[in-house]
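S.K.: Sequence:
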Amino acid sequence: MHLKENEEASFDFIVCGAGCAGLSLLVRLIESGNFKDKKILLVDKEHKNKNDRTWCFWEEGEGTFEPIVYKRWKELWFHSHYLSKSLKLQPYQYKLIRGIDFYNHCLSIIKQQPNITFLQAPVEKVFSSEAEGTGVIAGGKVYKGQFVFNSILFSKPQLKQHQYWLLQHFKGWVIETASDVFDAGSGTLMDFRTDQSEGATFFYVLPFAPNKALVEYTLFSKEILQPEVYQNALKTYLKETWKLADYKVLEEEWGVIPMTNAAFPTVNGNIIHLGTAGGQTKASSGYTFQFIQKQTAAIVNSLISKGHPFTGELNGRRFHFYDSVLLHILHHRTLPGDVIFSHLFQKNKAAQVFRFLDNDTNLPQELRIISTLPTLPFLKAAVARSLPF
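FYI, my numbering numbers position 287 of the sequence shown as 287, with every residue one higher than the one before it.
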């Protein structure tokens, strides 16, 4: 339901942001069946009625959002100047969810809950202190709550020694071709056969049908580029690699994701930060969707079992160290990204790589994967990352 004029501005939970993190949390709260007596406010300035993004992830079995998976693949290709390899993903599948399907699915569930109120307004501030209490300022008004879950407001942390801030920036087109050119059952996870002068740069191609696909140009670098650079790169790739000149661009998407080993605060008083704002973007890959699912599931479990949403550290110090080493290499460009990922996929099964990137491996498994990477650059980066100066 929507907030009415002069309605009481006091809630149990306030969720700032109707994106992936905020909506995932609300759906999990609802599906648990344990929070029907809680008064919940959801705040976002957008209607969430546009297909403004896609989420891609690998998953074993069926997940919470299985009904809205738009397309899935059991096989992906990896290409570079050094390697072309078909990646058999079992027991995983690579899945894609469209933004509009996710919003519609979650909001349809949320709108059936009389205890959840939606407020369409910009969030200007979140606060939690003894003097002020806990709450948000949205649309110029104050709303108080026991806990605030924030996925909107965050800023770049102050970087310390051996902390890095790279950007994953990407431009994507959904294209339709005049003839059948794609294998709808097989996508391209990474294609590094393009200029690498700006940093680790690749395309991925996810076919929806023999004549329809999402084609995305992605870079890991310090700065974003001029808009025409992305456009020209996509045109060149489709022309030179796919021999395509006759196609129609149906949709476009654009995004920038921080890739950093700097710590985002996950908790500030009774404010719990979600998603990218809470450090749930994988620093070495940019993948976020499944880490959001782990975080929101842990929060709901903690609320049920302990009565509070404080979950402690979720992602582990070993994996933070591995991410830091890779960011060190990418930042200083001591080894090209296409070389790193070529080694990774040439010498390891895709399922092992996915499990490692999901932070779900044990130390022996991690050492086996690390041993397949170029030794000297990674050793130097690991030593540099460990030194206090």
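Hint data in this document are derived by calculation from the structure and do not stem from the laboratory.
One or more of the hints may lead you astray.
Said to hold, decoys possible - Pair by pair, the computed Cβ-Cβ distance ranges are: (1) 383 / 36: 47 to 55 Å; (2) 225 / 375: 26 to 34 Å; (3) 32 / 72: 23 to 31 Å; (4) 111 / 376: 30 to 38 Å; (5) 228 / 114: 46 to 54 Å; (6) 333 / 32: 42 to 50 Å; (7) 61 / 231: 36 to 44 Å; (8) 157 / 332: 38 to 46 Å.
As the list claims (entries may be wrong) - Okay, derived cross-link-like pairs now, SDA-like style, lysine to any residue, Cα gap no bigger than 25 Å in a straight line: (9) 144 / 160; (10) 294 / 304; (11) 282 / 177; (12) 156 / 74; (13) 85 / 270; (14) 294 / 263; (15) 239 / 157; (16) 85 / 286; (17) 50 / 222; (18) 239 / 154; (19) 222 / 376; (20) 71 / 229; (21) 36 / 91; (22) 282 / 56; (23) 222 / 157; (24) 88 / 181; (25) 294 / 257; (26) 50 / 74; (27) 212 / 197; (28) 349 / 171; (29) 88 / 119; (30) 243 / 222; (31) 294 / 181; (32) 48 / 157; (33) 74 / 177; (34) 282 / 309; (35) 235 / 180; (36) 144 / 119; (37) 71 / 270; (38) 38 / 83; (39) 171 / 109.
We put the CB at the ideal spot given by N, CA and C, even for glycine.
S.K.: Among the hints numbered above, which are violated by the structure, and what are their numbers in rising order?
M.R.: 4, 8, 9, 11, 12, 13, 15, 17, 18, 20, 21, 26, 27, 28, 29, 30, 31, 32, 37, 38, 39
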